[in-house]
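Participant: Sequence lines, in order, name chains U and H. Sequential numbering of the first sequence, starting at 1, is according to full-length UniProt numbering. Sequential numbering of the second sequence, starting at 1, is according to full-length UniProt numbering.
Note: identical chains are not told apart, hence a pair may lie in one copy or across any two.
Distance condition first, Cα-Cα at most 30 Å in a straight line; then the derived BS3-like pairs of lysine-lysine:
| no. | residue 1 | residue 2 |
| --- | --- | --- |
| 1 | Lys215 | Lys112 |
| 2 | Lys94 | Lys129 |
| 3 | Lys77 | Lys94 |
| 4 | Lys207 | Lys177 |
Hints were generated in silico from the structure; no laboratory data involved. Model, not experiment: these values are computed from the prediction.
2 protein chains.
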Amino acid sequence: MKAAQVVLRLLIEDKFGINRNIHCQVRQLSQCKMSKKALVFLAAGTEEMEFVIAADTLTRGGIAVTIAGLPDSSLVKCSRGVNIKPDIAVSEAKSRGPFDVLVLPGGLGGAKAMAESQEVGALLKEQEKSGRIIAAICAAPTALKAHGIAIGKNITSYPSMKDQMVEGGKYNYLDDKVVVDGNIITSKGPGTSFDFALTIVEKLVGKEKASEVAKGMLICY
Amino acid sequence: MKAAQVVLRLLIEDKFGINRNIHCQVRQLSQCKMSKKALVFLAAGTEEMEFVIAADTLTRGGIAVTIAGLPDSSLVKCSRGVNIKPDIAVSEAKSRGPFDVLVLPGGLGGAKAMAESQEVGALLKEQEKSGRIIAAICAAPTALKAHGIAIGKNITSYPSMKDQMVEGGKYNYLDDKVVVDGNIITSKGPGTSFDFALTIVEKLVGKEKASEVAKGMLICY
Chain U
1 MKAAQVVLRL LIEDKFGINR NIHCQVRQLS QCKMSKKALV FLAAGTEEME
51 FVIAADTLTR GGIAVTIAGL PDSSLVKCSR GVNIKPDIAV SEAKSRGPFD
101 VLVLPGGLGG AKAMAESQEV GALLKEQEKS GRIIAAICAA PTALKAHGIA
151 IGKNITSYPS MKDQMVEGGK YNYLDDKVVV DGNIITSKGP GTSFDFALTI
201 VEKLVGKEKA SEVAKGMLIC Y
Chain H
1 MKAAQVVLRL LIEDKFGINR NIHCQVRQLS QCKMSKKALV FLAAGTEEME
51 FVIAADTLTR GGIAVTIAGL PDSSLVKCSR GVNIKPDIAV SEAKSRGPFD
101 VLVLPGGLGG AKAMAESQEV GALLKEQEKS GRIIAAICAA PTALKAHGIA
151 IGKNITSYPS MKDQMVEGGK YNYLDDKVVV DGNIITSKGP GTSFDFALTI
201 VEKLVGKEKA SEVAKGMLIC Y
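Chain U on its own, in the form it takes in the complex (with noise of 0.2 Å):
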């Protein structure tokens, strides 16, 4: 057998791994392009349909959702005493990402404790720095505040937050539903927690992938 033609063999049998790289690095493109990563925050005090809205919605738009809990990952009771298990504590959260979103749901207890959480306002800021998305509703809004996150921005909350978002003349407050404004996400409460979460859905999958999901829960989006 001539030199070439044994060549000729060893790429039909793929003795190089020439396929099987390029297949790998094709489901891996294709992976990477299918798991965008968001991290939600839940802490005692969480209203727990913010958060659980949030958190189903994204996984429908073939986002992985992490639950990080404050301050650790032992079960936590929302505003209105229902009791639900994070997936890791907030202190591991670094080290799973970066992720392609942090949402942080509303409830007065739960917008406390990230307003106050230094884990919190460190992820907050790398988040900010490096472009990605940040989302906060109905209370929330107030713990992007306490930590100095999107000032100058375009930003709303829950109506009676309203006045602690004003004071100081650090944001733009509109009484839309949800407000975009870069990479900030902002939204009012329980009653538009559908609309802020597919309008992440479609910030980080496309507006397609967020009218099928929205379909699929019986929504008009």
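Mind docking chain H on chain U? Use the hints.
Facilitator: Same frame as chain U, but now just chain H:
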């Protein structure tokens, strides 16, 4: 001291416990009036948004919510991966009742577990027999059918469950967001969950309370 004076003094000092008894009964009456009771089922594969929106909205409506896990009270993995802890095992529900409403959230896995549970069946039959409310959403009306509940009534369900519900001619299927027929409340899916839950609040506590709860959640109802 004359006997009449002694009796008068004892009465004033409430030595016979008459006032105490009256106060106690007034408090019990007031608590009784306040504390309508709901049992919400939760099983592996339950749709977490439908579950949480029901539990949270009813709690906001002043209804005492108990979460009954199937098969027991251990942590439940819902349809999109959120882990929720029930308050009690379904086997404990009978002794905690009676409940003013039994709520069955959807999600294929959860609805199947509810359809196959003899304990759920027994609770539903007793509930229907005594004229108390049964509420099911999304895939959960199939569990009503499995247990022979609401026969001949107007109902609805998640659209893809329609054929299964219609087969056998046991129900009059309607395409409304929420269908109320006597003590049976059914609804379609995640996007109709707020209307479903607020309808339960209205039925148990009144229109005014339902409107107040809706307003707090920034929902038109």
